[in-house]
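**Student:** Below are the chains, spelled out letter by letter.
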Amino acid sequence: MSATTDSAIETTVTEALKTFGAKEDQITRDATWDSIDIDSLDLAELAQIVEDEHGVKIEGDDMKNIKTVGDAIDFIAEKKAA
Amino acid sequence: MQRRKLPDVVVTGIGAVTPLGVGARTLYERWTAGTSAFRDGEAPCDDFEATDHLSTKEARRADRFTQFGIVASDEALREAGWAEELPYDPFRIGCVLGTGIGGIGTLEGNHDTLRDSGARNVSPLAIPLMMSNAGSAALSLRHGLKGPVYSVVSACAAGGHAIGTAMRAIQCGDAQAVITGGSEAALTPLSRASFASMSALSPTGVSRPFDNRRDGFVMGEGAAVLVLEDGDSARARGANILATLRGYGATGDANHITAPEADGSGGARAMMLAMADAGLTPADIDYVNAHGTSTQLNDRSETAALKTALGEYAHKIPVSSTKSAIGHLLGASGAVEAVATILALRDRVAPPTLGYDEPEDGMDLDYVPNKAQPLQTASDKRAVALSNSFGFGGHNVTLCLETA
Numbered sequence: 001m002s003a004t005t006d007s008a009i010e011t012t013v014t015e016a017l018k019t020f021g022a023k024e025d026q027i028t029r030d031a032t033w034d035s036i037d038i039d040s041l042d043l044a045e046l047a048q049i050v051e052d053e054h055g056v057k058i059e060g061d062d063m064k065n066i067k068t069v070g071d072a073i074d075f076i077a078e079k080k081a082a
Numbered sequence: 083m084q085r086r087k088l089p090d091v092v093v094t095g096i097g098a099v100t101p102l103g104v105g106a107r108t109l110y111e112r113w114t115a116g117t118s119a120f121r122d123g124e125a126p127c128d129d130f131e132a133t134d135h136l137s138t139k140e141a142r143r144a145d146r147f148t149q150f151g152i153v154a155s156d157e158a159l160r161e162a163g164w165a166e167e168l169p170y171d172p173f174r175i176g177c178v179l180g181t182g183i184g185g186i187g188t189l190e191g192n193h194d195t196l197r198d199s200g201a202r203n204v205s206p207l208a209i210p211l212m213m214s215n216a217g218s219a220a221l222s223l224r225h226g227l228k229g230p231v232y233s234v235v236s237a238c239a240a241g242g243h244a245i246g247t248a249m250r251a252i253q254c255g256d257a258q259a260v261i262t263g264g265s266e267a268a269l270t271p272l273s274r275a276s277f278a279s280m281s282a283l284s285p286t287g288v289s290r291p292f293d294n295r296r297d298g299f300v301m302g303e304g305a306a307v308l309v310l311e312d313g314d315s316a317r318a319r320g321a322n323i324l325a326t327l328r329g330y331g332a333t334g335d336a337n338h339i340t341a342p343e344a345d346g347s348g349g350a351r352a353m354m355l356a357m358a359d360a361g362l363t364p365a366d367i368d369y370v371n372a373h374g375t376s377t378q379l380n381d382r383s384e385t386a387a388l389k390t391a392l393g394e395y396a397h398k399i400p401v402s403s404t405k406s407a408i409g410h411l412l413g414a415s416g417a418v419e420a421v422a423t424i425l426a427l428r429d430r431v432a433p434p435t436l437g438y439d440e441p442e443d444g445m446d447l448d449y450v451p452n453k454a455q456p457l458q459t460a461s462d463k464r465a466v467a468l469s470n471s472f473g474f475g476g477h478n479v480t481l482c483l484e485t486a
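Protein chains in written order, with my numbering: chain X, 1 to 82; chain S, 83 to 486.
In short, the hints are calculated from the structure, not lab data.
Just so you know, even glycine gets a beta-carbon here, dropped at the ideal spot from N, CA and C.
Certain hints may be false.
Said to hold, decoys possible - Only pairs whose alpha carbons sit at most 25 Å apart, straight line, appear in this in silico SDA-like list of lysine to any residue: (1) X:23 <-> S:193; (2) S:139 <-> X:27; (3) X:23 <-> S:228; (4) X:79 <-> S:192; (5) X:64 <-> S:208; (6) X:67 <-> S:142; (7) X:67 <-> S:140; (8) S:139 <-> X:68; (9) S:139 <-> X:14; (10) X:80 <-> S:203; (11) X:57 <-> S:223; (12) X:67 <-> S:192; (13) X:57 <-> S:193; (14) X:23 <-> S:210; (15) X:64 <-> S:210; (16) X:57 <-> S:228; (17) X:67 <-> S:444; (18) X:67 <-> S:286; (19) S:228 <-> X:39; (20) X:18 <-> S:228; (21) S:228 <-> X:80; (22) X:64 <-> S:228; (23) X:23 <-> S:139; (24) X:18 <-> S:195; (25) X:67 <-> S:139.
Unchecked claim - Interface residues of chain X toward chain S, partial, derived using beta-carbon atoms under 7 Å: (26) 21; (27) 34; (28) 41; (29) 44.
Said to hold, decoys possible - One-sided and incomplete, this derived list gives chain S residues near chain X with beta-carbon spacing under 8 Å: (30) 135; (31) 138; (32) 428.
Modelling step: build the complete structure from the supplied sequences, incorporating the hints.
**Tutor:** Take a look at the structure:
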């Protein structure tokens, strides 16, 4: 996995979360969804954006283990590299 | 049939978002001054910017019709003194909102996405935004209302039905207070085309209710919200009472899917029921806020209905249509017009029917042409009005309002 890919994924995720209404300064790798007021409907929308921009499908079950912003970025990067 | 005496229901807060601007008083004052809000054959809420009032998250979690409702509700709750804290147990406060269509803008946008980009790209927010109950759900969430919460759908009568239903919920003891009203945002391509194809819309884009040249309604958008409270509870907490909702009458035409009965008998009966519910007679009515859509059929049949319901008083009572200033707000109209009527009663004014110049044979009531009139109400009497709302499907609703 290249650094460029990581950064592109991070940008996708961060920009999506900002669109959903999360405060930019609170979007950190360690931030939990609850802490930035992101819920299941936002995550369903995030999955669509990620698939559109990176070709990575995130299924409903995958989300169960994704609790933080960092979890999401790492999961997408791993799946993209696989 | 003798009805048992029901508790009185009072209005302690009002709010509106209309084509004349944000705010209930903005609507009333501009309409009374003779201002109308038409642009290119429609009446959009041009001044309304959701993010001026809502966070990014709140705004994108709400269709435009829900955004209007939320903003109107904030104004109404502030006026009622509820902004900091609810005055009653949240389980004793309900919310009943009306809409004609619901989130049709969301529906159309997502249908475009489905057609152009495929099913996987349809938004997870499509359903929660388009559902017709989104308005009442949003107000419940925003204000923490946990009593009976639902929406009512009856085309252009929905705002009236919502308010009447909310009144009954309080009178029956299901709630101590109910946030109610109506909202609509249907200035969309499908909605425009659909109303136009059935020849309901004015091809000239002019709303002139009761005028001989009227040729259809002009669509507007917006919302109004009222805080209704059980009278005893409101007085006990020292609330500032704006009006009493004295009566509610509702009927169905069982005549035609869209056309009103020519003799207006369904509408007349709704008015008579509302007066009976209020314990009043035509002699007590000082003003009628008509449904007055500017369609050939409605305005003629409503005139007939007024003559039937009010008898010899029909020619003495001023009748005007808010739709002459802001067009037809469909499921929001009944609520917006109730709010305007409350302020008109407070000032003892009949706001005007704008654009009225040419009478039609047989339509000979006092339609308050173009200029507001003072109500001829005895100084020791509280001013009383009827407000009519009729909808496709043959739905007829009348509210009877009395100033505080």
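**Student:** Please go over all the hints and tell whether each is borne out by the structure.
**Tutor:** Hint check:
Between residue 23 of chain X and residue 193 of chain S the alpha-carbon distance is near 30 Å, which puts this suggested pair outside the 25 Å criterion. Using a Cα cut-off of 25 Å, the hinted pair residue 139 of chain S and residue 27 of chain X holds, with the two alpha carbons roughly 15 Å apart. At most 25 Å may separate the alpha-carbon atoms for a hinted pair to count; residue 23 of chain X and residue 228 of chain S exceed this at roughly 29 Å. Among the hinted pairs, residue 79 of chain X with residue 192 of chain S is inconsistent with the structure: their alpha-carbon atoms are about 29 Å apart, more than 25 Å.
A hinted pair counts as satisfied when its Cα atoms are at most 25 Å apart, and residue 64 of chain X with residue 208 of chain S qualifies at roughly 23 Å. Under the criterion of a C-alpha separation no larger than 25 Å, the hint pairing residue 67 of chain X with residue 142 of chain S is consistent with the structure, at around 23 Å. Between residue 67 of chain X and residue 140 of chain S the CA atoms are separated by roughly 23 Å; this keeps the pair inside 25 Å, and the hint holds. For a cut-off of 25 Å, the pair hint linking residue 139 of chain S to residue 68 of chain X stands: about 19 Å separates their Cα positions.
Simply put, residue 139 of chain S and residue 14 of chain X have alpha-carbon atoms about 15 Å apart, close enough for the 25 Å limit, and the pair holds. A C-alpha spacing of about 20 Å is found between residue 80 of chain X and residue 203 of chain S, which places the hinted pair at or below 25 Å, so the restraint holds. With a C-alpha separation of about 32 Å, the suggested pairing of residue 57 of chain X with residue 223 of chain S is violated against the 25 Å cut-off. Note on residue 67 of chain X and residue 192 of chain S: the hinted pairing is violated, with a Cα-Cα distance of about 29 Å set against a maximum of 25 Å.
With a C-alpha separation of about 23 Å, the suggested pairing of residue 57 of chain X with residue 193 of chain S holds against the 25 Å cut-off. Proximity of residue 23 of chain X to residue 210 of chain S is assessed by CA-CA distance (about 23 Å); at most 25 Å being required, the pair is judged to hold. Proximity of residue 64 of chain X to residue 210 of chain S is assessed by CA-CA distance (about 22 Å); at most 25 Å being required, the pair is judged to hold. Restraint check: the Cα-Cα separation between residue 57 of chain X and residue 228 of chain S comes to about 38 Å, which exceeds 25 Å; the hinted pair is violated.
About 71 Å separates the Cα atoms of residue 67 of chain X and residue 444 of chain S, which puts this hinted pair outside 25 Å; it is violated. Of the supplied pair hints, the one linking residue 67 of chain X and residue 286 of chain S is violated, its CA atoms being roughly 57 Å apart against a limit of 25 Å. Our distance criterion of 25 Å between C-alpha atoms is met by residue 228 of chain S and residue 39 of chain X, whose separation comes to about 21 Å. At roughly 31 Å between alpha-carbon atoms, residue 18 of chain X and residue 228 of chain S are farther apart than 25 Å, so this suggested pair is violated.
A C-alpha spacing of about 45 Å is found between residue 228 of chain S and residue 80 of chain X, which places the hinted pair above 25 Å, so the restraint is violated. This hinted pair does not check out: residue 64 of chain X and residue 228 of chain S have alpha carbons roughly 30 Å apart, beyond 25 Å. A threshold of 25 Å between alpha carbons decides the hint, and for residue 23 of chain X with residue 139 of chain S the separation of about 10 Å falls inside it, so the pair holds. Using a Cα cut-off of 25 Å, the hinted pair residue 18 of chain X and residue 195 of chain S holds, with the two alpha carbons roughly 22 Å apart.
For the hint pairing residue 67 of chain X with residue 139 of chain S, the CA-to-CA distance comes to about 20 Å; that is within 25 Å, so the pair holds. Satisfaction of the interface hint for residue 21 of chain X is found here, the shortest Cβ-Cβ separation to chain S being roughly 3 Å, below the 7 Å cut-off. Interface hint at residue 34 of chain X: violated, since its Cβ lies 14 Å from the closest Cβ of chain S, which is beyond the 7 Å cut-off. Residue-level restraint check for residue 41 of chain X holds (minimum Cβ-Cβ distance to chain S is 5 Å; threshold 7 Å).
A cut of 7 Å between beta carbons decides the hint on residue 44 of chain X: the least distance to chain S is about 4 Å, and the hint holds. Contact between residue 135 of chain S and chain X, as hinted, is not supported at the beta carbon level, the nearest pair being about 14 Å apart and thus beyond 8 Å. Hint status for residue 138 of chain S relative to chain X: holds, with the closest Cβ pair at about 4 Å, below 8 Å. With 8 Å as the threshold, the beta carbon of residue 428 of chain S stays out of range of chain X, its nearest partner Cβ sitting at about 39 Å, so the hint is violated.
Of the numbered hints stated above, those contradicted by the structure are hints 1, 3, 4, 11, 12, 16, 17, 18, 20, 21, 22, 27, 30 and 32, listed in ascending order.
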